[in-house]
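Visitor: Construct all of the structure, not just a fragment, from the sequences and the given hints.
From first to last, the protein sequence lines stand for chains A and B. So that you can map any letter, position 245 of the first sequence is 245 in our numbering, and since no number is skipped, the others follow by simple counting. So that you can map any letter, position 76 of the second sequence is 76 in our numbering, and since no number is skipped, the others follow by simple counting.
Certain hints may be false.
[Said to hold, decoys possible] Per the computed footprint, the stretches of chain B lying under chain A, defined by three or more beta-carbons under 8 Å from a beta-carbon of chain A, are:
hint, stretch
1, 68 to 74
2, 77 to 83
3, 156 to 163
4, 286 to 292
5, 296 to 307
6, 376 to 387
7, 392 to 401
Treat the hints as calculated values from the structure; they're not laboratory data. If you're wondering where the values come from, they're calculated on a predicted model, not measured in any experiment. Beta carbons: idealized from backbone N, C-alpha and C, even for Gly.
There are 2 protein chains.
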Amino acid sequence: MKNAFYAQSGGVTAVINATACGVIETARKHSDKIGTVYAGENGIIGALTENLIDTSLESDADIAALKHTPSGCFGSCRYKMKSLEANKAEYERLIEVFKAHDIGYFFYNGGGDSADTCLKVSQLSKSMGYPIQAIHIPKTVDNDLPVTDNCPGFGSVAKYIAVSTMEASFDVASMCATSTKVFVLEVMGRHAGWIAAAGGMVNSSIPVVILFPEVDFDEKAFMAKVDSNVKEFGYCTIVVSEGTKWPDGRFLAEQGTRDDFGHAQLGGAAPVVANLIKEKFGYKYHWAVADYLQRSARHLASNSDVEHAYALGAAAVEMALEGKNSVMPAIIRTSNNPYTWEIGVGELKDIANVEKMMPEDYISDDGFSITDKCREYLAPLIEGENYPPYKNGLPDYVVLKKSKVAQKLPTFEI
Amino acid sequence: MKNAFYAQSGGVTAVINATACGVIETARKHSDKIGTVYAGENGIIGALTENLIDTSLESDADIAALKHTPSGCFGSCRYKMKSLEANKAEYERLIEVFKAHDIGYFFYNGGGDSADTCLKVSQLSKSMGYPIQAIHIPKTVDNDLPVTDNCPGFGSVAKYIAVSTMEASFDVASMCATSTKVFVLEVMGRHAGWIAAAGGMVNSSIPVVILFPEVDFDEKAFMAKVDSNVKEFGYCTIVVSEGTKWPDGRFLAEQGTRDDFGHAQLGGAAPVVANLIKEKFGYKYHWAVADYLQRSARHLASNSDVEHAYALGAAAVEMALEGKNSVMPAIIRTSNNPYTWEIGVGELKDIANVEKMMPEDYISDDGFSITDKCREYLAPLIEGENYPPYKNGLPDYVVLKKSKVAQKLPTFEI
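Guide: Put into structure tokens, the structure is as follows:
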């Protein structure tokens, strides 16, 4: 009976811990077939440095509370393993650590990079004579993994952005006669406009202009659209992706501004857009940058997102016990209305390093809003509320004990 | 039997419509003593320009839904009436409009300015031989009105900032080993640090440094504090009020930065603080500016805030029917633990143009956090959740019909 290793990778989300909960609770149900679940402290770095957390020392109640706790409960990391050719020693070290702790299952919870790592570990472990079943579990607010209909983490960000866009628009609508006429909300998404698209989920009576990274910024057309909204509705709300670019490829956020010492000025795309409008029309504006608030907002998680996240963690363990290897459990949408879904399975070779962009027919012809097809896709992903318990006015999120496993190997520098 | 006039003033909040709901529902209960409740379209401007909304044409269900709808349902405005000496004609016009529509009760829902307007209307109307009972109803996210223990709107912003600070801190804590070590959240509050103080409501295991407008920015002490937090906890969260100032009185947000054309660079205090830390220590940072999201976030309203807001609206009508004039219903805290409160009454002469600042003993000696006394004050204000109903994944907020009353007077230019 082998032990398991679970690690969180890359930017954390409101629901990645729900996946951890699914993994650990399901493994506990199969304690006759699977040993201890170890977790990597700070993701894959925990495996490389042999800093393993013994999840068996966490209470059932604390593990259950992960389902309503945002962030990465074991720590995550931004650490991309190099190619096998460039740093085979790292992969070998991983497998040595797994061997030392009798680990036969590797659950890696992340985006495209971690799918690639998973695949390589599986391949190399076989050639090293210590075969490991490597299962990738999808997670990314960017929603850019192939095969799966959507990625856990995205639905909750989308709900947060849709609700925030709606609420701020209500605010501006009630003040625009004498005050702010333009509100700009900057959202995440450096390569793909999935998150920005969520701003288009508000009722069509709210004038929202979206700037996608997929669409070169057409200043003239944008200005005309904003102005016509202000004239028709009295105000305009703009949702700008941090990845929106000028036609020459520069990010809007990097407009070449300098501080008094000549240093490149930090920016965001939102103040740049707001300033352009002010210079052109003189409209009073406000802007917000949601940044981490959007991806950590477990208080406003989408229920379908929480259910997907948990189910994928549970399915990963089931697949491992069925002997599957180099795969990823995926969300398969079976119907839009009523929304139904099931768990499917994807091969890591089809997933590693493939980026799923927004389909062209999800963006309106003018490039400033989403199509009905996109709305149909997004609607079930923001559906349902899943509130955490509260204590003294604040969410009752759990912090785990994170007891370390005794190390058995020499130290390893990364 | 006289009609009533209700208007919303200044920046809107997550719960000002709950007050409107309290006013209208209570007036409807007393339909034998009070006639139609008219509302000002876009606040007091609606009265000056005789743009009155007939709230009797709104259904009971829609009025009830105001209790869970953020923003100003009749429109608000930033319009400060001048002094009686400077523009007596405006006050006279108000009273002419009230007279033309048989309005005997004036409910003005706002901050310090509107308390002042209320008082003047009451005084002038008496001298003009058409006495109006003017009742001010407190509302401001700034929490800066005297007499009342707290101002509706503030509790919900405070809850939003406390929860967001907690959630973003969980996020950063799980990534700080290899990524972001400093997170900066900019919050509202140009003159008073009440909103920033809410960042200090998170569990003490989270290292939060607060920058208040009341405390001159001490760059050296601040840097030392941030660095010591990063060294001890691995990360540091900073909550900075938009009103934080350098010792010479300039706002942090106005650091004199220029764009390539020499224009003053738009900023926020958050990117300025983040940049200072980056230059000094090289720590990776992220920053967010919550802006309107914080004051419109009805999805995360504090239950006590919603209850206060409704109760004050209801009490205003009761006071009017008891013959009171030039007063403001106020929240009187009768016990901290368990939290109990009742409605009291303040005289407008004690309220108009008086600003309640944070008591000195609410800010810690080092100037970077709040004291236990402050926590005791804030705790009940963020207590309880009061969720709006949802439809298709989004809050089901109401938009009123806003039917206009036929005008009877010549137009009036403001």
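Visitor: Which earlier hints can't be squared with this structure?
Guide: none
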